[in-house]
Amino acid sequence: MRRFLRPGHDPVRERLKRDLFQFNKTVEHGFPHQPSALGYSPFLHLMAIGTRSGAIKLYGAPGVEFMGLHEENNTVMQIHFIPDQCQLVTLLDDNSLHLWSLKQHSGASELREEHRFTLKGPPGSPPSATQITAVLAHSSREVLYLGTESGNIFVVELPSFKALEDRTITSEAVLQRVPEDYCNRRSCELVEALREHPKNPDQILIGYSRGLVVLWDLQNSKATHHFLGSQQLENLYWQKDGSKFISCHYDGSYTQWPVSSDNRQPEPLENLVPYGPFPCKAISKIYWQTTKNGLPYIIFQGGMPRASYGDRHSISVVHGSQQTAFDFTSRVIDFFIIFSSEPAAEFDDPSAMVVLAEEELVVIDLKTTGWPAVHPPYLASLHCSAITCSHHVSNIPLKLWERIISAGSKQNIHYSTMPWPIDGGTNIAPDPPQRDLLLTGHEDGTVRFWDASGVCLHLLYKLSTVRVFLTDADPNDNMNTLGEDEWPPLRKVGTFDPYSDDPRLGIQKIYLCKYSGYLAVAGTAGQVLVMELNDEDAEHVVDHAEADLLQDQEGYRWKGHEKLRTREGPVRFEAGFQPFVLVQCQPPAVVTSLALHSEWKLVAFGTSHGFGLFDHQQKRLVFVKCTLHPSDQLALEGPLSRVKSLKKSLRQSFRRIRRSRVSSRKRRGASGNASEVQEANTKFDQDALQEMELAPVQRKIEARSAEDSFTGFVRTLYFADTFLRDSSRHCPSLWAGTNGGTVYAFCLRVPPAERRMDEPVRAEQAKEIQLMHRAPVVGILVLDGRSTPLPEPLEVAHDLSKSPDMQGSHQLLVVSEEQFKVFTLPKVSSKLKLKLTALEGCRVRKVTVANFGSCKTDDYSENDLAVLTNLGDIQIISLPFLKLQIRYPCIRKEDVSGIASCVFTKYGQGFYLISPSEFERFSLSTKWLVEPRCIVDMPEITSNNHVHNRPGVENAARKS
Amino acid sequence: EFRRFSLERSKPGKFEEFYGLLQHVHKIPNVDVLVGYTDIHGDLLPINNDDNYHKAVSTANPLLRIFIQRKEDADYSAFGTDTMTRKKNVLSNVLRPDNHKKKPHIVISMPQDFRPVSSIIDVDILPETHRRVRLYKYGTDKPLGFYIRDGSSVRVTPHGLEKVPGIFISRLVPGGLAQSTGLLAVNDEVLEVNGIEVSGKSLDQVTDMMIANSRNLIITVRPANQRNNVVRNSRTSGSSGQSTESSLPSSTPNILANLLHGEEESDEEDIVIEDSGEPQQIPKAAPTTESLELLTQIELVHESTQNGFLPSNEMNLNHSAGSISMEFEVPDPEHKPLEEDGTIITL
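Protein sequence lines, in the order shown, are assigned to chains W and G. full-length UniProt numbering numbers the first residue of the first sequence as 1 and each following residue consecutively. full-length UniProt numbering numbers the first residue of the second sequence as 1 and each following residue consecutively.
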């Protein structure tokens with residue numbers, strides 16, 4: 001019946017809904033998953049990153065972001081900006097070329113695909129004839145030169161992608177004047193590199209993989225110089241004045257070649273194996289940058305001694321006597337150097353090196369001594385250590401915000417102060433409406449604080465809980481302990497570190513009180529830490545308590561992990577959030593729910609065995625309650641199966657990493673590791689799929705019973721000041737909901753402030769509600785007399801919320817995975833319900849109260865429930881009448897980790913992981929919308945003077 | 001034991017009051033008894049609710065003969081038409097059942113002791129090829145005991161025959177409710193779950209819907225074996241009384257109304273334990289006057305089809321109050337339609 005009455009029966013409400021709700025996926029935060037290509041426009045000051053799934057993302061000044069997706073979802077192999085244009089060309093692994101343009105549309109720039117093209121050879125030619133290996137976007141902006149596997153170079157016109165067949169540079173033409181003996185020894189083979197002469201656009205340098213390099217004159221269509229390299233070629237680089245170029249090779253050497261009009265077949269000037277004499281790995285890319293002081297910067301990727309350092313992902317910078325091999329924790333995809341791009345400039349004067357590694361972006365300041373890293377304002381590696389949970393806090397008071405920033409800035413002193421060098425475009429989005437924090441908990445026991453106010457998710461501060469515990473890891477066992485005189489001069493850079501010392505350190509729940517600065521975090525081994533923000537370093541003892549959640553039970557055996565050992569005596573903590581209380585649950589099962597009441601100074605925590613309440617003022621355990629069903633053996637024995645699978649997955653990831661470290665030829669060789677791994681993965685997937693198809697998929701239909709496993713698992717905890725016992729006196733209360741559909745309510749007696757330390761906090765069980773449908777309770781909420789959710793602790797004290805209505809009768813909302821139910825208080829009578837699962841077959845995964853404002857009038861706002869279901873749908877359900885307002889598909893239902901990671905904000909926005917390293921941000925509100933809005937203007941090119949985008953620079957300076 | 005007392009015929013009051021009066025008069029305050037009377041035809045008929053109590057009082061001429069029996073000794077077969085004439089001496093039969101050790105009668109329970117059982121329903125409104133089965137989980141320890149799977153079936157569509165995905169019963173657990181009723185079989189295609197079509201829903205969704213409705217699961221299936229279908233000759237007979245006249249096979253709202261009716265009726269209430277006292281079922285809330293309008297709107301939407309039980313509100317309040325005192329508005333009589341929804345049984 002409800003279904004028939006629901007839609008469209010109230011036109012006023014329908015109109016209001018349109019003013020309140022609107023679904024948008026606005027921006028992707030974090031680091032692109034599986035990046036595969038990098039490009040940079042010195043003209044636009046924009047960087048482009050392509051991924052294996054066919055996405056292309058452009059970044060400039062903070063807030064300037066564009067995203068495009070190739071329809072084919074194929075790997076982006078190469079990205080080339082068209083010189084002096086707002087255009088770029090991408091090459092995919094299906095050998096197709098795509099032209100993208102930045103065009104202005106209603107006041108903002110947009111990235112659009114304009115054309116696509118696949119090179120066709122003469123009829124009957126093998127596919128390799130047109131397999132593109134090198135792309136040169138010529139400075140004339142009119143043509144692209146496409147080097148292929150066959151050795152031929154095709155020319156296509158821009159932007160039409162029309163093939164200019166008469167201008168094809170065939171390998172035969174190139175080989176005409178090459179000496180016979182060299183010719184016989186090695187044919188041209190594939191084109192490895194194409195480089196335009198820096199001074200003369202009519203000359204291009206062609207490098208073939210077997211070592212031959214040719215300077216080709218486009219006007220006369222003939223080779224002017226032949227450089228007979230003896231080593232397999234990897235890449236080429238021109239010196240600024242065009243008098244020399246440098247080639248790098250597979251054997252780890254690089255060679256300088258002179259270019260002069262008197263010698264058409266010059267000998268190399270210098271041939272060097274920088275990390276010789278033992279066999280070295282290939283140098284795959286090299287830069288030679290001139291400076292005022294005469295000493296060049298030689299920057300090259302790879303070249304490490306094969307035997308001892310062959311597994312390192314390195315880029316070496318050599319400047320005079322200074323040499324550093326930056327050592328990355330993941331594979332280097334590509335890199336570029338930012339240098340003075342004015343043609344009039346006499347020297348390159350490189351300022352920064354931008355490295356795209358597989359898991360992070362690292363920028364090195366080349367101007368400051370010591371070559372420090374630059375803190376990127378975006379593209380943060382969210383997954384430096386795997387994300388285990390997240391928590392969002394809206395509208396942070398300025399004071400707390402500044403204190404967190406100040407704590408963070410003390411951690412960032414080793415970063416360069418250089419303004420962000422990639423500063424193209426102008427951010428024209430309005431300033432973020434408020435200061436928002438996104439806190440992510442990680443597997444290594446850290447909590448990262450992100451500025452989630454705007455388009456750039458920016459790391460403010462990192463908190464580590466490891467210091468409280470004794471871990472097996474030897475503090476001296478550090479990858480970065482190489483001495484000064486070590487050779488090669490490796491220096492570890494970047495923050496990506498997938499290895500956790502101890503999985504028990506993992507953070508599972510976070511609660512931050514934005515008014516008091518109290519922070520509670522809880523982890524995998526039953527540890528609960530309460531912290532306070534301190535602006536100074538401090539050394540103190542962490543008070544330690546144990547909560548035995550199995551108190552009255554006997555004969556139980558915990559087969560899971562042991563609890564963490566704590567450090568004795570005082571511990572030194574850096575400025576920031578410093579723990580002062582540690583509660584360890586016994587058995588040390590993962591903490592499944594956490595609540596903090598900063599006004600009452602109480603913290604509640606729950607595991608699969610029960611829950612407890614701790615008074616962090618008096619540092620005393622108030623009570624524990626075991627929720628375990630006596631027959632629930634599985635919960636007792638601990639997460640055995642999980643531990644096993646964790647071990648397995650760890651082993652697998654080690655294997656994967658080892659495999660990826662195995663040296664191999666780069667991208668297109670048959671033995672390319674990426675394609676090999678991919679193949680293996682595909683095969684594995686197929687096998688798994690086949691296995692699944694063999695076993696018929698069946699689902700058992702069975703009513704839930706009290707004897708089911710993990711019914712005692714505490715899913716949610718909630719503090720409320722409400723009418724628990726009678727309707728005349730309200731009192732503090734703690735509510736807990738379990739997996740088995742039970743809700744416990746405890747009446748708390750918190751002594752008044754003046755006697756807070758003298759009298760104990762008391763708790764007494766007042767109610768126990770058993771939902772007959774026994775579905776897990778995922779949310780508990782008390783609505784005041786005006787049916788408004790009770791405010792957060794201290795919210796009223798800070799005048800940020802109206803006091804709750806304590807006159808009218810309160811209501812209790814219990815959200816289970818299957819139903820929403822409203823009960824009266826203090827006498828529990830059922831008032832309303834919405835049976836979601838029975839009607840739609842979906843289950844509640846996440847639920848939050850969100851405030852929605854109208855986009856039409858400033859004075860209207862309402863509270864609703866934002867609900868994410870297991871099908872990935874988002875539903876908005878009204879309060880207090882539990883009517884479905886609207887439904888949007890958001891996440892694919894197969895994307896289990898995406899659904900599990902979703903977090904809603906208090907103002908109708910949300911985040912979920914689209915990959916281990918990226919959050920998708922979405923908005924349900926018409927009013928609060930954080931999305932990139934930016935303009936990229938064509939700098940003037942008439943004067944040949946590349947004008948910087950002034951506002952962009954200022955912006956960058958302010959943000960970083 | 002005989003007692004004689006007087007009642008005011010014009011104002012008989014409620015059955016509960018009368019029952020209390022009987023217990024008082026007989027000084028058996030805590031004994032459960034069956035109450036019966038002899039009507040003008042000499043039949044022994046039960047008195048167990050307001051209606052038949054009023055009927056009994058109105059038929060008293062002038063005396064109303066009431067028989068009271070302890071519940072546990074009750075001989076249910078004693079009630080019914082012709083009981084007085086069939087049995088020579090009902091009175092002795094009732095009072096001294098031990099004298100009549102003969103073949104046991106088929107026991108017919110009192111209405112309040114009736115337990116819903118699994119059945120085929122809505123035969124009158126469904127196509128003959130379909131079968132709607134109600135599985136009552138409540139009151140049995142048997143597991144529901146069946147599995148479902150994905151599959152495909154052939155449908156007639158505007159574009160001709162089409163193979164469409166469907167959900168099928170894949171296995172029945174021996175000894176489970178599904179098997180013991182004999183109403184469901186392997187390879188039956190599931191079409192609806194509690195009135196909601198399953199087409200377009202995934203196996204997991206249908207699983208969740210079935211589990212969410214597991215206490216009163218109504219599955220509409222297309223049996224794999226179409227030979228045992230009920231063949232109807234007329235539309236007048238129906239197993240679910242309300243829908244006989246008005247219902248046409250296409251009248252979906254009516255079907256839904258029936259389903260929701262069934263659903264709500266047997267939808268068990270949650271249990272609350274106050275102050276570690278005795279568990280009680282949670283009553284439906286009494287609407288307060290100011291929220292009445294809104295509430296009626298809501299409540300009517302999803303409970304209007306409900307056919308409530310009839311315990312009085314006062315009693316509910318007194319009994320469910322556990323150990324704490326509270327103020328609870330006793331609702332006005334006109335709120336009664338909402339009030340009656342509460343099924344309050346003090347455990």
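Among the hints, a few may not be true.
Claimed, not checked - Straight-line C-alpha distance at most 20 Å; calculated SDA-like pairs for lysine to any residue:
hint, chain 1, residue 1, chain 2, residue 2
1, W, Lys833, G, Tyr147
2, W, Lys700, G, Ile273
3, W, Lys700, G, Arg149
4, W, Lys700, G, Val173
5, W, Lys57, W, Glu931
6, G, Lys142, W, Arg704
7, W, Lys700, G, Ile271
8, G, Lys137, W, Glu707
Unchecked claim - Chain W residues, not near chain G, derived (Cβ > 12 Å throughout):
hint, residue
9, Lys57
10, Ala703
11, Tyr744
12, Thr824
13, Thr869
14, Asp895
Keep in mind the hints are simulated off the structure, nothing from the lab. This structure is a prediction, so every number in the text was calculated from the model and none was measured. Think of the CB as a built atom: it goes at the ideal place given N, C-alpha and C, for glycine as much as any other residue.
Verification of the supplied hints:
1. Lys833/W / Tyr147/G: violated (29 Å)
2. Lys700/W / Ile273/G: The hint is violated at about 32 Å.
3. Lys700/W / Arg149/G: OK: lysine 700/W and arginine 149/G at ~9 Å, within 20 Å.
4. Lys700/W / Val173/G: holds (10 Å)
5. Lys57/W / Glu931/W: holds (15 Å)
6. Lys142/G / Arg704/W: Roughly 12 Å between the alpha carbons, so the hint for lysine 142/G and arginine 704/W holds.
7. Lys700/W / Ile271/G: violated (27 Å)
8. Lys137/G / Glu707/W: holds (16 Å)
9. Lys57: Lysine 57/W clear of chain G: closest Cβ-Cβ about 33 Å, beyond 12 Å.
10. Ala703: About 4 Å separates alanine 703/W from the closest Cβ of chain G, which leaves it inside 12 Å; violated.
11. Tyr744: violated (9 Å)
12. Thr824: Since the minimum Cβ distance to chain G is about 5 Å, threonine 824/W lies within 12 Å and the statement is violated.
13. Thr869: The claim is violated: threonine 869/W sits with its nearest Cβ about 10 Å from chain G, within 12 Å.
14. Asp895: With a cut-off of 12 Å, aspartate 895/W remains clear of chain G, as the shortest Cβ separation is near 14 Å.
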